[in-house]
Amino acid sequence: MPASTIKSAYLRGLRQGLPFLIVIVPFATLFGVVASEAGLNVAQVLGFSFLVIAGASQFAAVQLMTENAPTLVIIGTALAVNLRMAMYSASLAPHIGTAPFWQRALVAYFLVDQAYAVSMVDYEERPQEPVAAKIAFFFGAITFVCPFWYGFTLAGALIGASIPPEYALDFAVPITFLAVVAPMLRTLAHVAAALTSIVLALALSALPYNLGLLAAAVAAMAVGAQVELWMQRRGIWT
Amino acid sequence: MSDTTIWLIIVLTGIGTFLIRFSFIGLIGGRQLPDWLLRLLRYTPVAVLPGLVAPLVVWPPATGGETDPARLAAAAVTLVVGYLTKNLLAAIFAGAGTLFVLLNVLA
Chain A
1 MPASTIKSAY LRGLRQGLPF LIVIVPFATL FGVVASEAGL NVAQVLGFSF LVIAGASQFA
61 AVQLMTENAP TLVIIGTALA VNLRMAMYSA SLAPHIGTAP FWQRALVAYF LVDQAYAVSM
121 VDYEERPQEP VAAKIAFFFG AITFVCPFWY GFTLAGALIG ASIPPEYALD FAVPITFLAV
181 VAPMLRTLAH VAAALTSIVL ALALSALPYN LGLLAAAVAA MAVGAQVELW MQRRGIWT
Chain B
1 MSDTTIWLII VLTGIGTFLI RFSFIGLIGG RQLPDWLLRL LRYTPVAVLP GLVAPLVVWP
61 PATGGETDPA RLAAAAVTLV VGYLTKNLLA AIFAGAGTLF VLLNVLA
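As you go down the protein sequences, you meet chains A and B in turn.
Per the working numbering, residue 1 is the first one in the first sequence, and the count goes up by one each step.
Per the working numbering, residue 1 is the first one in the second sequence, and the count goes up by one each step.
If we strip away everything but chain B, and leave its shape as in the complex, we get (with noise of 0.2 Å):
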């Protein structure tokens, strides 16, 4: 990816993201959005990352795309710490630790 790419990829994810952040203290004022609209933006974090994340911890392309026991184990720990917990940290710290220890210690 040339730097060109890469500088066109950040402006424009920059400008993309004010935009909508500004979209309604900017523009639009204090009217109010209509409900079902509302209610996709609701979803939107849950809708994008997890399939972002699932073909990474399915596949991972540091094995070769095969699927490894580890990177499974260490993406499980995380969920579960990050549901059960509600803290961003526990959780990455968990699951940091589970995938370490099973690559490093236990192999």
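Here chain A stands alone, though its shape is the one from the complex (with noise of 0.2 Å):
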């Protein structure tokens, strides 16, 4: 296959994965200042973001840090947010799944929303192209964003413990997972899992161990379900 079609694949990739430093930037710095002000030194920080890669996980896992829940709970509750990527994962296989190994492996690895959404989007627009432009595309794409993920998760490691309290940064956490939910909240379904885990959380925070969050969760993700089910018998999912 000719070299061209790996190469204008590859910066096809890294042209759709540029947008998304706009995001990237704050949200990054906004992970380094926030783990920072929660007490971890500046390789924790750093070390959450090159071995996790996932932000909202990130913060959760910090959120839990600051209220002191046992570390299974953590490490529960972080990849529940994560599980997501298992769907990415499926959806991703058709497209590169005859790649060799070690490149599956470290699409794995960098395996982000945004590299996810963008590529998803190309293979779909160009499905008869070789496999190996599809992998070029996809690390085309995490070219940047990684890097910057990195990069400015250090930048707000550094500058976190400067940010004058009138800030409220403690207020940044919950601000992040509004923004991040809101624009998920697309159908009554989404409507219907968001609500039940409010209340749930909510009635259950006195549980130990931040146990009510886990069984929020989980009622909240069969509540989604359910009304999925129930508005596609009623012909209203779309």
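Do not take every clue at face value.
Restraint ranges, calculated between C-beta atoms of paired labels, are given here [unchecked claim]:
| no. | chain 1 | residue 1 | chain 2 | residue 2 | range |
| --- | --- | --- | --- | --- | --- |
| 1 | B | 90 | A | 209 | 18 to 24 Å |
| 2 | A | 222 | B | 11 | 27 to 33 Å |
| 3 | A | 215 | B | 100 | 32 to 38 Å |
| 4 | B | 11 | A | 229 | 34 to 40 Å |
Pulled a few chain A residues facing chain B out of the computed Cβ check, cut under 7 Å [unchecked claim]:
| no. | residue |
| --- | --- |
| 5 | 83 |
| 6 | 108 |
| 7 | 170 |
| 8 | 178 |
| 9 | 184 |
| 10 | 198 |
| 11 | 217 |
These are calculated hints, taken from the structure and not from any lab test.
Keep in mind the model is a prediction, meaning the values are calculated, not measured.
The beta-carbon is built from N, C-alpha and C at its ideal position, and this holds for glycine as well.
With the hints as a guide, bring both chains together as one complex.
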């Protein structure tokens, strides 16, 4: 296959990934700030962004750390936030499942929301592209996104301590999460799941070890799925 | 929380997240997930994140757990702007701006 196909796929991915920097830069900086305010040292803050590379779950873990939740509950909640990525993995598999093992392992490591979103659009527009070109597109998409995620996490960690208290940074995590969730409330099923999660998390907040949140999350997933089924039966699911 | 515990959390969350991402492209291949499982996975973010946030909004640790109108208003503005614009940054700035104005300018 011509090298130009691969090169143009890579450059296309690069271009598609660029606009996300507008979100990545402040989001990563904020994580660095919040995590260092929570008492993590610079190596630990950076370790999060290098080893996990999943913003929402990193914020969730740090928040639960400040609440002194048990280790297993923190890990369980952070992983629950990332379960959606199993869905990403499943939908990418038909496109890149035959690539060499090391390439698939690297794709898995870098499988962030933004790279998934642009790659799926490109793969569906160009189903006939060779696997090598599809892999090249993916690496193009993460070329700036992931290094910026690391770099601005570090920047945030370094400036973290110098931010004065009147900026009410305690509320940065709730605001960030609400901003992440609000655009996801696309259907009645998503709204029902979110409401279930809120009501049960508040009602069960007295449960020990932050178990109320996990119970609320499991119930909310079931409610979302049931409402989706109900909407399908009524013919109003799109 | 000790340094060892913090690193344990970081490393295990990292390994677990990698395995979730690797699951299908790495090991299972192009096989289809059952519908009921896909349906549950679709709701994980909206099932976890609102529950995590709700107590922080209603009983903020910064006020000693006392409900704070400024923080409630900031949360509401973030949600509404995020829902209407579908824009993460617009929602964050609107919410943070609301909180800053209510706490520092009007107070």
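The hints, checked one at a time:
no. : hint                      : in the structure
1   : B:90 / A:209: 18 to 24 Å  : 36 Å, violated
2   : A:222 / B:11: 27 to 33 Å  : 31 Å, holds
3   : A:215 / B:100: 32 to 38 Å : 35 Å, holds
4   : B:11 / A:229: 34 to 40 Å  : 38 Å, holds
5   : 83                        : 4 Å, holds
6   : 108                       : 4 Å, holds
7   : 170                       : 4 Å, holds
8   : 178                       : 4 Å, holds
9   : 184                       : 5 Å, holds
10  : 198                       : 4 Å, holds
11  : 217                       : 5 Å, holds
Of the numbered hints stated above, the single one contradicted by the structure is hint 1.
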